[in-house]
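K.L.:
Between the sequences and the hints, there should be enough to build the whole structure, so can you do that?
Just so you know, the protein sequences line up as chains S and L, in that order. Every letter in the first sequence is one number past the one before it in my numbering, and letter 15, counting from 1, is 24. Every letter in the second sequence is one number past the one before it in my numbering, and letter 305, counting from 1, is 432.
Since the hints were made in silico from the structure, they are not lab data. Please read all numbers here as calculations on a predicted model, not as lab measurements. The beta carbon of each residue, even a glycine, is placed where N, CA and C say it ideally should be. Wrong hints could be hidden among the right ones.
[To be verified] If you only want the chain L side, here are some residues facing chain S, beta carbon under 8 angstroms, derived:
no., residue
1, Ile239
2, Ile242
3, Asn243
4, Tyr248
5, Gly251
6, Ser254
7, Val257
8, Met261
9, Ile284
10, Glu287
11, Leu304
[Said to hold, decoys possible] Reference excerpt, derived from the structure (chain S facing chain L, CB under 10 angstroms, subset only):
no., residue
12, Ile69
13, Val102
14, Met138
15, Ala167
16, Leu170
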Amino acid sequence: MYLSQYIFFFLSGLAIASALLMILDKNPVHSVLYLVVTFFAIAGHYLLLNAQFLAVVHIIVYAGAIMVLFLYVIMMLNLNKEIEPHKQQLPKVAAVVSACLLMLCLIAALKSAEVNMLPAARNSNIGLMDNLGKTLFKEYMLPFEVSSILFLSAMVGAVFLSKKEIH
Amino acid sequence: MEIFIVYKIILVLVVFAISLGVAAYSTYAERKVAAFMQDRVGPDRAGPFGLLQPLADGLKMFMKEEIIPSVSNKYLFILGPSLAMLTALMTGVVIPWGGDITIGNTTFPLQITDINIGILYIFGVVSFGVYGIMIGGWASNNKYSLLGALRASSQMISYEIAMGLAIVALVMTTGTLSLKEIVAQQGGTWVNFVYQPLGCLIFIICAFAETNRAPFDLPECETELVGGYHTEYSSMKLGFYLFAEYINMFISSAVIMTLYFGGYNLPFQDFLAQHLNGNVLSLFQFLFFFGKVLFGIFFFMWIRWTIPRFRYDQLMNLGWKILIPLAIFNILATGVMMFALGKV
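P.N.:
This is the structure:
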């Protein structure tokens, strides 16, 4: 095995383990920190794919985003165990069944999907910044701009919601 | 190949040692600068001119009793200062400290690694730096610590945006994210400060905020929050937090000098290159750069002992309502100028 394969398996194990811990840990603050570890492992995968730009942007965006999540956990959630409402059994069972159904759907959908790469992705240097920028702004110009409008509308919504009522 | 790896390891250790050494003596310099500005003497007991004071302080930090509050989260309590130190030391990797050194036929660059996204790497590490403070402040299980940590994280998240926007304008003029190339472009011509004065100003202000230095030191504002996020810390864990701040100061000074003030380029470099051995020139470049970085650190201290601390709402207003619009205006102005000068 090559060194990169060892790294791949290490990162994969780390990503899956910390993702599981994130779901299973009872403490929301610990969950947030496991989420950070998961994203770091995924950034490592990007590095293995020679996509340095994506890896670093992934870390910048998600490190900041998770920090905000961290603040939300502290400010919005009540971390006292005594006050935590007791959950009933039925919703838990329903959640497990629906999650299993979702997984079934995903497997069925992905089974017949062809592993067709996008034309530009065959180039192993696609992850480097120059190529990425050119691809985004030439071949995928419209989806790129439309997604940025989506972000803008989300931002406008957030500003609107946080604004105090005007009489 | 082996010699290359050995060389890189040596270089990493040297940068590590220099960072720690500079940080240690920054604590001494800070007191001396403060003393000078307030017409006092400053530390002068340990050694000649008090030069051994950092050693005495370090020893004191190690000898103090290690206290972990019983209601704190023990692992996260230890992880906090470790992360602060780790992220502070990680940034020095991409900074070009000088030109190349040639021994025999092998070239040894005085930069640990020249990744083509150097600026973004620094940005990523900086945005991760807030975790050390946040985790430590939360794990302390103390109201003052938590308030300090919340202040620190909201401050750093806010000022990161303006910092990133300031860098966007710089990247537009340089056309590269590699720090080595940015320095090379400034050799023999004007430094980037001339092209990006507003961007430079915004970047420096944000660097102050990111390092939690005065006038942005609200996270550890002692009149309101006892000691801020490190209230519960003692011994070397407190030392790590304080030390990380000085390392951050050193590194951000180095980044400012690299991006906006010509990096390691000497004045009349091309003339000197004709008359000097390449290695000697590299050495001079390193010393010149180091001098600039030390001046940057002095500038940090100068500001600290000159300007009083902001109020919290002033801090947020400055970040969101002044710096971010200014940075966006800077991007627009840069674009218009580049278009007008036909550089696009």
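K.L.:
Next step is simple, just say for each hint if it's right about the structure.
P.N.:
Taking the hints in turn, this is what the structure says about them:
Taking 8 angstroms as the C-beta contact cut-off toward chain S, the hint placing L:Ile239 at the interface is violated, the least distance being around 16 angstroms. Because the closest C-beta pair between L:Ile242 and chain S is about 6 angstroms apart, less than 8 angstroms, the hint holds. Of the supplied interface hints, the one on L:Asn243 holds, with its beta-carbon coming within about 7 angstroms of a beta-carbon of chain S, less than 8 angstroms. The criterion of a C-beta within 8 angstroms of any C-beta in chain S is met by L:Tyr248, whose closest approach is roughly 6 angstroms, and the hint holds.
Taking 8 angstroms as the C-beta contact cut-off toward chain S, the hint placing L:Gly251 at the interface holds, the least distance being around 4 angstroms. A cut of 8 angstroms between beta carbons decides the hint on L:Ser254: the least distance to chain S is about 5 angstroms, and the hint holds. With a least beta-carbon distance of about 6 angstroms to chain S, the hint placing L:Val257 at the interface is held under the 8 angstroms criterion. Checking L:Met261 against chain S by beta carbon gives a least distance of about 6 angstroms; that is within 8 angstroms, so the hint holds.
With a least beta-carbon distance of about 6 angstroms to chain S, the hint placing L:Ile284 at the interface is held under the 8 angstroms criterion. About 7 angstroms separates the beta-carbon of L:Glu287 from the nearest beta-carbon of chain S, less than 8 angstroms, and the hint is met. A distance limit of 8 angstroms between C-beta atoms decides the matter here; for L:Leu304 the minimum to chain S is near 7 angstroms, and the interface restraint holds. Contact between S:Ile69 and chain L, as hinted, is supported at the beta carbon level, the nearest pair being about 5 angstroms apart and thus within 10 angstroms.
The beta carbon of S:Val102 comes no nearer than 33 angstroms to any beta carbon in chain L, farther than 10 angstroms, and the hint placing it at the interface is violated. The interface hint given for S:Met138 holds, since its Cβ lies 6 angstroms from the closest Cβ of chain L, which is under the 10 angstroms cut-off. Annotation: S:Ala167 was flagged as interfacial toward chain L, and the flag is violated, the nearest CB pair being 13 angstroms apart, outside 10 angstroms. Because the beta carbon of S:Leu170 sits about 17 angstroms from the nearest beta carbon in chain L, more than 10 angstroms, this interface hint is broken.
In this structure, the earlier hints numbered 1, 13, 15, 16 are contradicted, and the remaining ones agree with it.
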